[in-house]
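Participant: Position chain X relative to chain U; hints supplied.
There are 2 protein chains.
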Amino acid sequence: MNIRIQKTFEALFALEEIRGIFRASLPTGLDPGEEALLGRRIADLKAIVADLEAGTGAPRVTRIAGTLDVRSREEQSINIHPIQAAGRLTTEARKALISYGDGYSTCDFCRKPFRLDKITKPGIAEFHGELARWLHMDEARVVPGARRGFQAVASSLVEKGDTVIVSALAHYTEFLAVEEAGGIVKEVPLDGRNIVTADATAQKIEDVRRETGKLPALVMIDHFDYQFANEHEIAGIGRVAHQYGIPFLYNGAYTVGVMPVDGKRIGADFVVGSGHKSMASVAPSGVLAVNEEYAPKVLRTTGMVGDVTKRKFGIKEVEMLGCTLMGGTLLTMMASFPAVKERTLHWDEEVERSNFFAGALLRIGGSRVLSEYPRRHTLTKVDTTGSFDTVARTHKRRGFYFSDELSSRGIVGEFAGATRTWKLNTYGLTWRQVRYLADAFTEIAEKYQIPMQR
Amino acid sequence: MNIRIQKTFEALFALEEIRGIFRASLPTGLDPGEEALLGRRIADLKAIVADLEAGTGAPRVTRIAGTLDVRSREEQSINIHPIQAAGRLTTEARKALISYGDGYSTCDFCRKPFRLDKITKPGIAEFHGELARWLHMDEARVVPGARRGFQAVASSLVEKGDTVIVSALAHYTEFLAVEEAGGIVKEVPLDGRNIVTADATAQKIEDVRRETGKLPALVMIDHFDYQFANEHEIAGIGRVAHQYGIPFLYNGAYTVGVMPVDGKRIGADFVVGSGHKSMASVAPSGVLAVNEEYAPKVLRTTGMVGDVTKRKFGIKEVEMLGCTLMGGTLLTMMASFPAVKERTLHWDEEVERSNFFAGALLRIGGSRVLSEYPRRHTLTKVDTTGSFDTVARTHKRRGFYFSDELSSRGIVGEFAGATRTWKLNTYGLTWRQVRYLADAFTEIAEKYQIPMQR
Chain U
1 MNIRIQKTFE ALFALEEIRG IFRASLPTGL DPGEEALLGR RIADLKAIVA
51 DLEAGTGAPR VTRIAGTLDV RSREEQSINI HPIQAAGRLT TEARKALISY
101 GDGYSTCDFC RKPFRLDKIT KPGIAEFHGE LARWLHMDEA RVVPGARRGF
151 QAVASSLVEK GDTVIVSALA HYTEFLAVEE AGGIVKEVPL DGRNIVTADA
201 TAQKIEDVRR ETGKLPALVM IDHFDYQFAN EHEIAGIGRV AHQYGIPFLY
251 NGAYTVGVMP VDGKRIGADF VVGSGHKSMA SVAPSGVLAV NEEYAPKVLR
301 TTGMVGDVTK RKFGIKEVEM LGCTLMGGTL LTMMASFPAV KERTLHWDEE
351 VERSNFFAGA LLRIGGSRVL SEYPRRHTLT KVDTTGSFDT VARTHKRRGF
401 YFSDELSSRG IVGEFAGATR TWKLNTYGLT WRQVRYLADA FTEIAEKYQI
451 PMQR
Chain X
455 MNIRIQKTFE ALFALEEIRG IFRASLPTGL DPGEEALLGR RIADLKAIVA
505 DLEAGTGAPR VTRIAGTLDV RSREEQSINI HPIQAAGRLT TEARKALISY
555 GDGYSTCDFC RKPFRLDKIT KPGIAEFHGE LARWLHMDEA RVVPGARRGF
605 QAVASSLVEK GDTVIVSALA HYTEFLAVEE AGGIVKEVPL DGRNIVTADA
655 TAQKIEDVRR ETGKLPALVM IDHFDYQFAN EHEIAGIGRV AHQYGIPFLY
705 NGAYTVGVMP VDGKRIGADF VVGSGHKSMA SVAPSGVLAV NEEYAPKVLR
755 TTGMVGDVTK RKFGIKEVEM LGCTLMGGTL LTMMASFPAV KERTLHWDEE
805 VERSNFFAGA LLRIGGSRVL SEYPRRHTLT KVDTTGSFDT VARTHKRRGF
855 YFSDELSSRG IVGEFAGATR TWKLNTYGLT WRQVRYLADA FTEIAEKYQI
905 PMQR
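These protein sequence lines map, in sequence, to chains U and X. With the first letter of the first sequence counted as 1, position 177 gets the number 177 in this note's numbering; the numbers rise by one all the way through. Remember, this note's numbering sits 454 above the position in the second sequence when you count from 1.
Chain U extracted, bound-state conformation:
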């Protein structure tokens, strides 16, 4: 590890040791033994900071809790991992996490009616209102990942044996949420460009009606899918679902938090987003936004009464299981939110950089972009069978030569060893970083004498 990055982590860890001294002390202050300990810790810290400044010293901390490596790939490298890019914490989120990491940190001022989304200090209630408005929906709840949003909706709307329409590129968590609710998925086939169209969705609904004698219980479609990150005809699909009177879930795992999403305009009854995938938050986190028509159903409160005690917990929402994200997950969502809102306004620039990289890749002979092109997203599936894989076929490290070449240039997040079809994500890279990335690919191609296109 770069010694200055190493020393940055060591300084952070030294400060956590200092926090530990305060935590173990009395509110009246430190005793002489604690003061002495603090003095030693501060001396350690100062030595680390001196090394940080000078770029000197040797690594002194290489493991956390004896077993965990210090994870520094975001500081050390350019990370093109397909699902990590937009989940990286903002600096403010990292500060919030330092401050609010402890277990139930959201619960200091929990008062009646004792529900997470009603807490005003910190401003969790206000955040929920903002989330709903931002997505142009009526209600919003935070959930432990987008999948828990699918689950809440499927569990509320899908009866045993019901059909749910998903896309032929649906994420596996949609399959599981439907299965858990006792339903059956039916996939909308793709057109020749790997796009889910409104027409194909209408056709699939008709097929289901003909085969089962019943309309599907739910249409659940990804705006951009996880395989190609192609853009599907989401607004048209919403219209089709509504023509049949079927509720429509908009899966925004790859959109909410990176581009503007307007649930009303799309005609979504539900908008689901992922905190750790696209909202710069700790996992597992996400958002389920609901319109006023379906809120009473999916956000229904408990009706159960204890037969002996007659207890009721009427404010608690069944599908949420009461409170959902009671600590650092939620606080990172909140701390990142101003930056996340702002960054969605610059999605066009992210897409421009994505296309810049794709263009550079395509200049390397034999390379293909399997996703729709020009790109409308930063996640891209590429096929380098005709370029980088031609080298792997005879290289003693096989496909790992390519990973070696990338990592020697400080690029990580590719699927190690893969040189045929694989995915990468340029989200969040600056122009300087994306140019560096493109140049690195070109350099590797030149090194192995892969011909460039004219």
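Calculated from the structure, these hints are not laboratory results. Every value quoted in this text rests on a predicted model; they were computed, and no experiment measured them. Some hints here could point you the wrong way.
[As the list claims (entries may be wrong)] When the alpha-carbon atoms are kept at most 27 Å apart in a straight line, the in silico BS3-like pairs for lysine-lysine are as follows:
1. X:K500 - U:K46
2. U:K310 - X:K668
3. X:K766 - U:K214
4. U:K160 - X:K614
5. U:K214 - X:K764
6. U:K186 - X:K850
7. X:K614 - U:K186
8. U:K160 - X:K751
9. U:K160 - X:K566
10. U:K297 - X:K614
11. U:K310 - X:K764
12. U:K297 - U:K112
13. U:K186 - X:K764
14. U:K160 - X:K668
15. X:K766 - U:K396
16. U:K310 - X:K614
Facilitator: Showing chain X alone in chain U's frame:
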């Protein structure tokens, strides 16, 4: 805020700003502008550390992301909040969180078969094995809170209209998990000491059988309940459930992570624990451990097949919805785990300090302990109607006088304004801290001339 604590946070935040510089840079190093910025940030940091050392300076950072207060109650105060005590992060967990806070941080080396609990770097697979062995169960999975463990079990075992036996002190999340699965809770009444007995559980099972013609689908009982933290006859209840052939879920939200739990000895088919409540982890987190009899049912893998694509996701577990805690939640559980295992071996000392405090409270005339006494847990429900509330009745600040008195002594986490029945938790306090706590209560009583017992 104590200025040295304030400066500790400011130093941490300054270092996060420094991390931000590295994150925005190229892998080849900082450019001159970035070097200059780093230099200024390091100068800031050194000034903060100098203030930390000298105890000088004024607060410069009071908000995160413009709206969030810096949460410093664990550093500043003694926190007796009923549910926060055992969820506070260990120092190692705080370091892990700094390092692994970003979104999908667990996924750097995810390889086939692409499931969280199979990842070996970091050692997530090994941790799952250790968790299961530690609880004396056959399989373990991490889940987003104990409630998601109840949900997975209820969803697997409870059909519409089925009965689930819970305690008259059951947590509301058990009600919700059963309701979500379409079942109905039936409560085991308490005996005169507010204990759920094996005999009463057997009686309730008989009642259900007589009334519904069917045995309950599940018995789900808290070892220590959330109201009194009384110890219930958990092993006897496990035996009773098994005599009837009913699966038994041991709710260890208040035990797993603070005291030794042996699922085999208890006769548990399921052991559920809470990471943010009792395992020093970020919320939402928890564990669901299962014996080999029920693992195939509750941890069943998906059987759904895409009708168009023929896609299958056979390794993914339906109730887990695939992966569960893909980031800082899991990494804090793992980083705290060595300390958590160790601390369960000293539970007797925690209980001794709990009793020490309860004894001191009981010497204040008119005070009562509503939980079983002597205490077997660190969470305690007290009744100060006859002591501190007598002052509140005529005080212009009403019950808030008591909160004022506590907070002026650096004690937080009581339910603000409550002077009749309320709960507190001494978990994790040192002897010095618990003596200070007891003395503070005595001092307040003396100040308001509440008579002491002889």
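Participant: Each hint should be assessed against the structure and marked as holding or not.
Facilitator: Verification of the hints:
1. X:K500 - U:K46: 8 Å, holds
2. U:K310 - X:K668: 23 Å, holds
3. X:K766 - U:K214: Holds, at roughly 25 Å.
4. U:K160 - X:K614: 11 Å, holds
5. U:K214 - X:K764: Holds. K214 (chain U) to K764 (chain X) sits at ~23 Å (cutoff 27 Å).
6. U:K186 - X:K850: 66 Å, violated
7. X:K614 - U:K186: 25 Å, holds
8. U:K160 - X:K751: 18 Å, holds
9. U:K160 - X:K566: 32 Å, violated
10. U:K297 - X:K614: 18 Å, holds
11. U:K310 - X:K764: 49 Å, violated
12. U:K297 - U:K112: 23 Å, holds
13. U:K186 - X:K764: Distance ~11 Å between K186 (chain U) and K764 (chain X) Cα, so the pair holds.
14. U:K160 - X:K668: The hint holds at about 22 Å.
15. X:K766 - U:K396: With Cα atoms ~34 Å apart, K766 (chain X) and K396 (chain U) exceed 27 Å; violated.
16. U:K310 - X:K614: Given that 27 Å is the threshold and the Cα spacing comes to 21 Å, the pair holds.
Checked against the numbered hints given earlier, the structure breaks hints 6, 9, 11, 15 and satisfies all the rest.
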